[in-house]
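Q: Please build the complete structure, drawing on both the sequences and the hints.
2 protein chains.
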Amino acid sequence: MSSTNSPSITRSERAQLAMMLEVTAYPKPGNIDRCHDYPSTRLEHFLASTILVRPVFERAERGEGSIGDLIRDAVKATNVHGGGNTHFGAFLLLIPLIRGGDITGAQQVIQQTTVDDAVTFYEAFALTRVRMRDHQELDVNEPATIATLRKKKLTLLDVMRHSAPRDMVAREWTNGFALTCLGAALLAQHGCGRNAIIATFLDLLATEPDTFIIKKHGPDVAQEVVQHAREVKGGLQTLAAFDETCIARGINPGSLADILIASLYIALGEGWAWD
Amino acid sequence: MSSTNSPSITRSERAQLAMMLEVTAYPKPGNIDRCHDYPSTRLEHFLASTILVRPVFERAERGEGSIGDLIRDAVKATNVHGGGNTHFGAFLLLIPLIRGGDITGAQQVIQQTTVDDAVTFYEAFALTRVRMRDHQELDVNEPATIATLRKKKLTLLDVMRHSAPRDMVAREWTNGFALTCLGAALLAQHGCGRNAIIATFLDLLATEPDTFIIKKHGPDVAQEVVQHAREVKGGLQTLAAFDETCIARGINPGSLADILIASLYIALGEGWAWD
Chain X
1 MSSTNSPSIT RSERAQLAMM LEVTAYPKPG NIDRCHDYPS TRLEHFLAST ILVRPVFERA
61 ERGEGSIGDL IRDAVKATNV HGGGNTHFGA FLLLIPLIRG GDITGAQQVI QQTTVDDAVT
121 FYEAFALTRV RMRDHQELDV NEPATIATLR KKKLTLLDVM RHSAPRDMVA REWTNGFALT
181 CLGAALLAQH GCGRNAIIAT FLDLLATEPD TFIIKKHGPD VAQEVVQHAR EVKGGLQTLA
241 AFDETCIARG INPGSLADIL IASLYIALGE GWAWD
Chain U
1001 MSSTNSPSIT RSERAQLAMM LEVTAYPKPG NIDRCHDYPS TRLEHFLAST ILVRPVFERA
1061 ERGEGSIGDL IRDAVKATNV HGGGNTHFGA FLLLIPLIRG GDITGAQQVI QQTTVDDAVT
1121 FYEAFALTRV RMRDHQELDV NEPATIATLR KKKLTLLDVM RHSAPRDMVA REWTNGFALT
1181 CLGAALLAQH GCGRNAIIAT FLDLLATEPD TFIIKKHGPD VAQEVVQHAR EVKGGLQTLA
1241 AFDETCIARG INPGSLADIL IASLYIALGE GWAWD
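Chains as they are written, first to last, in the working numbering: chain X, 1 to 275; chain U, 1001 to 1275.
Calculated from the structure, these hints are not laboratory results.
There may be inaccurate statements among the hints.
Unchecked claim - Dumping the calculated DMTMM-like pairs for lysine to aspartate or glutamate here, alpha-carbon to alpha-carbon at most 20 Å: (1) 1216(U) / 1037(U); (2) 76(X) / 1275(U); (3) 1076(U) / 275(X).
Said to hold, decoys possible - Residues of chain X clear of chain U, computed beta-carbon distances all greater than 10 Å: (4) 16; (5) 42; (6) 45; (7) 50; (8) 77; (9) 81; (10) 148; (11) 182; (12) 230; (13) 271; (14) 275.
Don't be surprised by glycine CBs; every beta carbon is placed ideally from N, CA and C.
A: And the structure:
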């Protein structure tokens, strides 16, 4: 029997299961998984976030609270441990998906975001300690940014459009959740269970450069990772060697991991069975 | 900052964190952990139960539902995946602890259990597929048992008293949660973080034979495990070798794992920091 088809599983629980399944799947090249931690962030931090975010997901599901407030509150609820930010990008995708139910619903939700959502999102971002290296982006530590958002009447969707060229999670808001959909279709194609999660992640890595890697290491390194994923798919390299190389160089495809969580949320809703 | 001291962490969340921390800690001799699965039960099944039980824990925390109903509903909420029973013993300890807040409160809660609680507990037990090999125990698959409970006016605490000689989880109900307390004290003594969890588990293994092992393999094997744990503590064996031996022989100290979860719940409430 699969939990995925159980009518008793709520959207919030489905999102939590997606977060749990993503982080435990292994080996995930460069990312935290069952076999690997980072010195200051460990598997348990990701799983604690998965547990502690639930009240916020439930508010999203009940239609309570604005999208900006919910993203900020998800960050607050999960910032209580020492592992730093774990799921900021995932919350950015999951909260509209939970509120809207599916991708069509989520697109309606993000169309309705407001300037207040944008302002609250910036508050949330400031809480995450995510490093900003791209000076083209609106600076979250700069009080003038908030004034700019208000003056130019930029909604949260506008902010995502502004960030989309350099951030693939933001891009999902602007392109109909394209990679999320692709990931869900790949999961179904690869069959049930955790091996499908890794096969899907490898496909996503081979599709587009991870923008988190671009921000941290530059576009050439991100392109090398795409190439490396293609070689693993083609049987020219092992997955284990790919994982080791990424870990040795501190390369973690964090944005594609966030998108994989959203794909798992969609796939679970469509009957994909994790166990 | 530690989640353990955060006033925003509810009892339910504390219990969920305890379940998550127990299952991810490694190496835990013979049990499922980050490094080991069983063929039909895997880490993800334990973590899914940790997520899906929350509504039942929240009812326990709010004072809604009888102890029997809550144990049955916890089993139902977590029986939706293919991994079989994962946390029956842990629920038996955690639900009175959540309802009562701490050990003193839990003891009051269990004193007040009724014949109806006993009947519902037997319903829950029948759902778990836990194998019964001890014919001295009331047979959960026997309708006459329910009639016996009613005729003899046996409360759930009476059932636990009946089972206590052969089941160390039931024994916790009758001896003031003795091993739960010991485990919490050991966690504090071993310091913070996941290494303390394994050190505490090893201490518990060296203290008393696990009754789940006794039921499955007999008392001699259970005593061998105690001896093996003492040798690891004394530096005569490695923890890895102990783990390998248990796994090779299908020996899993499941009852002490349940008690360790209860110890983690208590320790987290007393400020023990997991991260």
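Q: Hints numbered earlier in the text: which of these fail when held up against the supplied structure?
A: 4, 5, 6, 7, 8, 9, 14
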